[in-house]
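Undergrad: As a plain string of letters, each chain reads:
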Amino acid sequence: MSEAEIKSLEAQFDAKIANDQKIEPKDWMPEKYRKTHIRQISQHAHSEIVGMLPEGNWITRAPSLRRKAALLAKVQDEAGHGLYLYSACETLGITREELYDQLHSGAAKYSSIFNYPTLTWADMGAIGWLVDGAAIINQVPLCSTSYGPYARAMVRVCKEESFHQRQGYEIMLSLCNGTDEQKEMAQDALNRWWWPSLMMLGPEDKDSVHTEQSMKWKLKRKTNDELRQQFIDQTVPQADILGLTIPDPDLKWNDEKGTYDFGAINWDEFWQVVKGHGPLNKKRLDDRRNAWNEGKWVRDAAMAYAEKQAQRKTEAATAV
Amino acid sequence: MMKPIKELNPQFLESKENKEHLISYLLGVADNYLILAQRLGELCGHGPNLEPDIAITNISLDLLGQVRSFYQYVAQLKGDKSTEDDIAFLRKEREYRSVLLVQQPNTDFGYVIVRQFFFDVYNKMFLNALQQSADETLRALAFKGIKEASYHERFSGDWLKRLGDGTVESKQRVQQAVNDLWVFTDELFHSSKADDAMITAGVAPDMLQLREYYYEKVENLLTEATLEIPEVPYFQKGGKEGLHSEYMGYILSEMQYMQRAYPNSRW
Ligand SMILES: [Fe+2]
Ligand SMILES: [Fe+2]
Ligand SMILES: [Fe+2]
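Keeping their order, the protein sequence lines are chains C and D. Residue numbers for the first sequence follow our numbering, beginning at 38 and rising by one. Residue numbers for the second sequence follow our numbering, beginning at 194 and rising by one.
Same shape as in the complex, but just chain D (with noise of 0.2 Å):
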């Protein structure tokens, strides 16, 4: 594992504005896992092929033990009665951090593909820069998610390029893809005000500084699978702060309605 940048002082979690910006700060991160897992998860039997469908499902899972741990150290740092299962299924849709990307709808392939590369090379820069956190549960979180977030960067890479280089048809559904999608990338590096007392801290990575490495990866897959880099006059943003898309609150009647319908049941 790798050492922190930073040293955090051990009072620090004693301030209680410091412990709800953590808290805040880690929805953040976890939502989206949380989020695309659930997108992923409804695309489970409906693949292409088993091979992908097998595939796919896996990064579902993969997405969804991230959420479980990471939710798992929000409920500690709460040190209320509150569970994994609280935070992820009885939140009010305003209180969900979840950028607008990986709330998307799964359109067709492509553009699951496409939303899934757009985030996975923003998460493996993520969870690669995370393991040097002044938080040591978040670097131990970070390193047990780093080959995870680069094994899905390669699968959605990959399919990337075949999509893009493969049939005029494929390229065409994928530039489509690209193009509307590009509006929600810039979201990922923006910061709230817990996430800067985080970052000051040096308990959360400055994503911002990587931002133009992030575009220039991205960038350069793209070039390679033969696709135009789109060009926007403004991006998207909203869901990190709390005003989501339009699907969030169908994600969310669906994710929520086995525990609303059955409050206080265990399962």
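Excised from the complex, chain C in its bound form (with noise of 0.2 Å):
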């Protein structure tokens, strides 16, 4: 393709995006554009499915039968959406076994408030309202996202996740209006998981590389900053409806912004837990290679018996 040829098909592509076209996986689209939709959607689904084991955690220590079971739905709904996503970035030419190896060596990254361990079972609707609630805020501009099979895919995600939010802010809830012990119980854990839900909407806009970028494709429509806004300023009243202290002194209502104010947030903890020095990233990371490679003479048996049946099935066809 000559250079002009190109350059009126980039054209059109930042035309379809400005008009709210999608993009389909057969339309023509920049190497780039194709390379971060695989990051960001396989990051996604990743996220997903390490998303399962903090609350897989939990499942044979649930404290009744309803919670053992909105906890198993709650976690199969992550396995799906983990199944949505990886088909969604199949579409970009790779491969689910290829974004599995990214994950398993390392390579590709997920959601670093999975590194951090659930404790009680407390952490289960801690979880829920926070850590699926700060999903919610990153994932609902997605819905209209460019990428036609992305867009789709979380259109479904969020449904779940909202419904996930309020299943954990129920749990809450019960806790709160419980014993003694179990309100400390839910105070404690939203005072582990208060600044990892910080975390989880990124970095601060300064320091934050691929932002401008991630606008043009919608792949982002606000800042971090701006989203982390957002989420203290819905979350500080739920908290104050369950009876709980946000473990932020500073914050405090701002009436002249409209906002709230808050504390400086540990960035190097951060860091840290992204760059794989977490309480649990070797742990999260271990118990997914596990299950793969343990997995791996089922996958081959199922395969094997697959082309045994197509090859009796032509067999008994030419045989005829």
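Hints in this document: simulated from the structure, not taken from any laboratory. One or more hints might be untrue.
As the list claims (entries may be wrong) - Quick list of in silico lysine-lysine cross-link-like pairs, DSS-like style, CA-CA up to 25 Å:
(1) C:Lys-345 / D:Lys-364
(2) C:Lys-255 / C:Lys-63
(3) C:Lys-350 / D:Lys-199
(4) C:Lys-333 / D:Lys-271
(5) D:Lys-354 / C:Lys-345
(6) D:Lys-364 / C:Lys-350
(7) C:Lys-44 / C:Lys-69
(8) C:Lys-255 / C:Lys-59
(9) C:Lys-319 / C:Lys-333
(10) D:Lys-430 / D:Lys-386
(11) D:Lys-337 / D:Lys-196
(12) D:Lys-337 / D:Lys-199
(13) D:Lys-386 / D:Lys-199
(14) C:Lys-72 / C:Lys-312
(15) D:Lys-285 / D:Lys-209
(16) C:Lys-289 / C:Lys-220
(17) C:Lys-345 / D:Lys-410
(18) D:Lys-364 / C:Lys-333
(19) C:Lys-255 / C:Lys-44
(20) D:Lys-209 / D:Lys-271
(21) C:Lys-59 / C:Lys-44
Keep in mind that this is a model prediction, so the values were computed, not measured.
Hints given; two lone chains; assemble the complex.
TA: Structure, rendered in structure tokens:
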């Protein structure tokens, strides 16, 4: 292709996005667009399936049958999200196996929040309320992102994430209406999950690398700092209803701005975890790798069986 | 819904003994679902691939749904303040009536599938027959469960064929699971005194009559999966009478942890 041809394709492509038209897998797209989308969508998919682990940790210990069933269903939803997102990513010309390899080798990232441990039942409440809550804030804008398969996957995902958030909040509510011990458990969970949840919305705008390009492609609609502010403003009144204290002595309502002011985030901790040195980075990846490696003989068997079946079919057909 | 084989005498449950037998019978059914759901719950997020992971979680959820309905019925029969959760979480080990099969560990995916298949074939036959129970609530529960149970049996049966007729390694692994778990199948057909009373009353199907059919079905599928049918001189039993495997205490201590550590709390 000549340079002029590429220029014109690029112009058409940019115009399409500017007009809110979707880019579909068969459409021409700049290589950078493809790469960026593979990175972001797979990162998101990995987050869904690594995210199954901290909550999966409490399935066998859930305190009631109703909670056990709800938690199982939630973790299963996350597997479903992983599945849609891997499928969306595969439309960009990469296989699920390749994506897993990237995860297992540590080359691909996933949301850092899942590298924190779930220590009590209240963490199931706090994760639903805060982590799914922050995820929604990140993800709702993606329902109208430019890449069609991603946008459509996100519509489904977001619906379920809102349900998860309500379910998490409801766990917190039960605890806060419960015994003193239960209330303490809820407060302790909030104390541990609050700051990592704020970090989940990404580094501060001044340290964020991809923002401008992402805005143009509608991978982002608001900056990290805007999203974080939105999350805080939405969550503080919810904590008030629970009767819990946000673990930030500097948090206070700013009448002039009409938002909450909040204290400094420990970005050293954020980078420590992102770079692989959080409390459970190693365990989470080991668990994923083990599941994959231990499942190899099963996947091989399924493949061999399918091949034999196909062969039997052709043999039967030619025998006639 | 199907018609009962027998009408239940309206005074039947006014007898304290009948009621106790029915409760004991119901626990014998539902405890299997509970312990198996618990075992499957351990696997969530650790499957060999996303699809079977999701499917196994689904089975666990279906079983939990059945557990809740059965325990709610038990709670209603007891007529005291007990709830489904008291029944699920606050009994002593000896009071659980689950068979040894469902307690067996998730040694590998082969064991998971074989355990499931051995149970599913039984469960589908059981729910099928239970649809003609003289007890209306049980007829409804059976009707509700049968579709799920058929799906479970298809899932585990299909995987058994894949593993048996897959690779050399998968065949060897799944044959090992079949050999190890075979000894626990016969207990599914044991009936206690309470069970016998319920069979006589037409509340419970007589599963012993279906034993031969069960082994025929299982053996046919094993053969189709190119696997060998084990021959054992003795079968294992005990769970139904409250004499469990060494695994059971660990299953319960994990499952009951919250209820024991924080008694009298609402979640
Ligand atoms: Fe999700
Ligand atoms: Fe998500
Ligand atoms: Fe979620």
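Undergrad: Now tell me if each hint is right for this structure.
TA: Verification of the supplied hints:
A hinted pair counts as satisfied when its Cα atoms are at most 25 Å apart, and Lys-345 (chain C) with Lys-364 (chain D) qualifies at roughly 14 Å. Simply put, Lys-255 (chain C) and Lys-63 (chain C) have alpha-carbon atoms about 19 Å apart, close enough for the 25 Å limit, and the pair holds. Of the pairs offered as hints, the one joining Lys-350 (chain C) and Lys-199 (chain D) is violated, with about 48 Å between alpha carbons and a cut-off of 25 Å exceeded. Using a Cα cut-off of 25 Å, the hinted pair Lys-333 (chain C) and Lys-271 (chain D) is violated, with the two alpha carbons roughly 49 Å apart.
Taking the CA atoms of Lys-354 (chain D) and Lys-345 (chain C), the gap is near 12 Å; set against the 25 Å cutoff, the hint holds. The suggested pairing of Lys-364 (chain D) with Lys-350 (chain C) holds, with an alpha-carbon distance near 22 Å, which does not exceed 25 Å. This hinted pair checks out: Lys-44 (chain C) and Lys-69 (chain C) have alpha carbons roughly 14 Å apart, not beyond 25 Å. For the suggested pair Lys-255 (chain C) and Lys-59 (chain C), the alpha carbons sit about 11 Å apart, so the restraint of at most 25 Å is met.
A C-alpha spacing of about 21 Å is found between Lys-319 (chain C) and Lys-333 (chain C), which places the hinted pair at or below 25 Å, so the restraint holds. Annotation: proposed proximity of Lys-430 (chain D) to Lys-386 (chain D) holds, straight-line Cα distance about 16 Å (limit 25 Å). Of the pairs offered as hints, the one joining Lys-337 (chain D) and Lys-196 (chain D) holds, with about 15 Å between alpha carbons and a cut-off of 25 Å not exceeded. Between Lys-337 (chain D) and Lys-199 (chain D) the CA atoms are separated by roughly 20 Å; this keeps the pair inside 25 Å, and the hint holds.
With a CA separation close to 20 Å, the supplied pair Lys-386 (chain D) and Lys-199 (chain D) stays within the 25 Å bound. Simply put, Lys-72 (chain C) and Lys-312 (chain C) have alpha-carbon atoms about 21 Å apart, close enough for the 25 Å limit, and the pair holds. As the CA atoms of Lys-285 (chain D) and Lys-209 (chain D) are separated by approximately 23 Å, the hinted pair is consistent with the 25 Å bound. In summary, the hint linking Lys-289 (chain C) to Lys-220 (chain C) is supported, as the alpha carbons are separated by about 23 Å, within the 25 Å threshold.
Between Lys-345 (chain C) and Lys-410 (chain D) the alpha-carbon distance is near 23 Å, which keeps this suggested pair within the 25 Å criterion. Simply put, Lys-364 (chain D) and Lys-333 (chain C) have alpha-carbon atoms about 14 Å apart, close enough for the 25 Å limit, and the pair holds. A threshold of 25 Å between alpha carbons decides the hint, and for Lys-255 (chain C) with Lys-44 (chain C) the separation of about 21 Å falls inside it, so the pair holds. Proposed proximity of Lys-209 (chain D) and Lys-271 (chain D) is supported: the alpha carbons are some 10 Å apart, at most 25 Å.
A C-alpha spacing of about 20 Å is found between Lys-59 (chain C) and Lys-44 (chain C), which places the hinted pair at or below 25 Å, so the restraint holds.
Comparing the model with each numbered hint stated earlier shows that hints 3, 4 do not hold.
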